[in-house]
Every structure is written in C-alpha cells, then in structure tokens.
Amino acid sequence: MKPGIPALALLATGSAFAVSVAAAQTAPPPAAAPAQAPFAVPPYKNLKVFPQDISRANLLSNMKLFSQSLGVRCTYCHVGEEGKPLSTFDFASDAKEHKVIARDMLRMAHRLNTDLPGITGDPSARISCFTCHRGSEKPVADVPAGAVLVPPPPGAPTAAPPPPKPPERGAS
120 MKPGIPALAL LATGSAFAVS VAAAQTAPPP AAAPAQAPFA VPPYKNLKVF
170 PQDISRANLL SNMKLFSQSL GVRCTYCHVG EEGKPLSTFD FASDAKEHKV
220 IARDMLRMAH RLNTDLPGIT GDPSARISCF TCHRGSEKPV ADVPAGAVLV
270 PPPPGAPTAA PPPPKPPERG AS
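Numbered by this note's numbering, the letters in the sequence shown go through residues 120 to 291 in order.
Hints are not guaranteed to be accurate.
[Said to hold, decoys possible] Heads up, simulated BS3-like pairs for lysine-lysine below, C-alpha to C-alpha not over 30 Å straight-line:
1. K257 to K167
2. K284 to K203
3. K164 to K203
4. K183 to K215
5. K215 to K164
6. K215 to K203
7. K257 to K284
8. K183 to K167
9. K257 to K218
10. K203 to K183
11. K203 to K257
12. K284 to K164
Keep in mind that the hints were calculated from the coordinates and are not lab data.
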C-alpha cells in the first residue's frame with residue numbers, strides 16, 4: 120500500500136511539529152519583564168520625618184496607627200476631600216497645621232523612645248501616639264490636682280502642701 124497525499128501531509132506536519140517543539144525546548148527563555156518591588160510608588164514628596172526609602176506598606180501602616188490613635192481620618196492632616204479617592208489628595212501639601220504638629224509629635228516620640236529605656240531600665244519601654252491620645256484628637260490626661268508635671272526650680276518645694284483636712288463628724 121502506497122502512502123497517499125493526506126498521509127504524507129500528516130507525516131510532514133508531524134515532523135515539522137516535532138522539530139519546532141525541540142527548538143522551543145533548547146531556545147533561551149524570553150526576556151523577563153523588569154522586576155518591580157511590591158507596592159512600587161513614585162518617590163515620595165515632602166517627607167520630613169520618615170526616611171525617603173520607607174516602603175509603601177510601612178508608611179501606610181504608620182498612617183493607620185495615627186488615624187486609630189487620634190480617632191481621625193486622612194483629611195485631619197492631609198489636603199483632600201472626605202469621601203474622594205486618595206489619588207485626588209495632595210499628600211505633599213503642608214497647608215494643614217495638624218500635619219506640621221504631627222511631625223513635631225513624631226520627633227518628640229522618637230526622642231522619648233530613645234531616652235525611655237535608660238530612664239526606666241526597661242530596654243523595651245516605648246511610647247506611641249496612643250499612649251497619650253487614647254483615640255482622641257487631644258491627649259487624654261487625668262492629672263491629679265497638685266501634681267508636679269515638670270521638675271521644680273532648685274530650692275522650690277518638691278510637692279504641693281496637702282489640702283486641709285475636713286473637720287471630723289461629731290467634733291465641735
């Protein structure tokens with residue numbers, strides 16, 4: 120039996136397929152797309168306390184901490200309209216006073232966290248925004264009457280005099 124034209128065509132097609140598979144297995148792989156870091160973002164503008172190379176995830180984590188610690192939203196410090204996409208916000212703007220205050224508070228917390236282990240003797244002693252704010256815009260404090268909040272000047276009494284005792288019941 121002689122092979123017909125369809126059989127020859129099938130044989131030729133099968134041979135061509137086998138050659139192309141072999142070539143594909145030995146050819147170098149296609150060039151990979153350049154790797155990008157996860158959460159790649161353009162360079163930040165106007166970072167003054169955070170490092171310029173802070174990851175997007177770390178920066179967003181800090182912003183979430185501020186929001187929760189003070190019970191505020193992004194528009195408390197950043198120029199933007201509540202309810203609009205964050206892509207419309209001007210995060211670089213210093214137009215809001217709260218942003219400038221927040222930077223000062225971050226610097227203060229950093230200084231305290233640098234000194235606190237030496238003061239307390241506890242190497243893990245740290246403070247955060249929540250330490251004082253407790254979810255409120257203004258720091259929450261229950262300072263007892265007569266408490267000394269700053270060291271007194273030299274030679275000054277170190278404590279307020281005790282309040283007078285109320286008269287005892289039944290005493291005349």
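*Is the hinted pair K257 and K167 satisfied, with a Cα-Cα distance of at most 30 Å?*
holds (23 Å)
*Holds or violated: are the alpha carbons of K215 and K164 at most 30 Å from each other?*
Between K215 and K164 the Cα gap is close to 16 Å, so the pair holds against 30 Å.
*Has the given pair, K215 with K203, been kept, meaning a C-alpha gap of at most 30 Å?*
At roughly 18 Å apart (the allowed maximum being 30 Å), K203 and K215 satisfy the hint.
*asked:* Hinted pair, alpha-carbon criterion (30 Å max): K164, K203. Please report holds or violated.
replied: Given that 30 Å is the threshold and the Cα spacing comes to 21 Å, the pair holds.
*Does the alpha-carbon distance linking K284 and K203 stay inside the 30 Å limit?*
violated (60 Å)
*Hey, K284 versus K164, does the alpha-carbon distance stay inside 30 Å?*
violated (61 Å)
*If you draw a straight line from the CA of K203 to the CA of K257, is it 30 Å or shorter?*
Satisfied, since the Cα-Cα distance of roughly 26 Å is no more than 30 Å.
*Satisfaction of hint between K218 and K257, Cα-Cα up to 30 Å*: holds (14 Å)
*asked:* Hint check: K203 vs K183, CA-CA at most 30 Å. Holds or violated?
replied: Holds: K203 and K183 sit about 18 Å apart, inside 30 Å.
*K183 and K215: Cα distance at most 30 Å?*
At roughly 18 Å apart (the allowed maximum being 30 Å), K215 and K183 satisfy the hint.
*Verify the proposed pairing of K257 with K284, using a straight-line Cα cut of 30 Å.*
violated (34 Å)
*asked:* Check the hint pairing K183 with K167 against an upper bound of 30 Å on the C-alpha distance.
replied: With a Cα-Cα distance of about 18 Å, the restraint between K183 and K167 holds, given a limit of 30 Å.
When held up to the earlier numbered hints, the structure conflicts with 2, 7 and 12 and fits the remainder.
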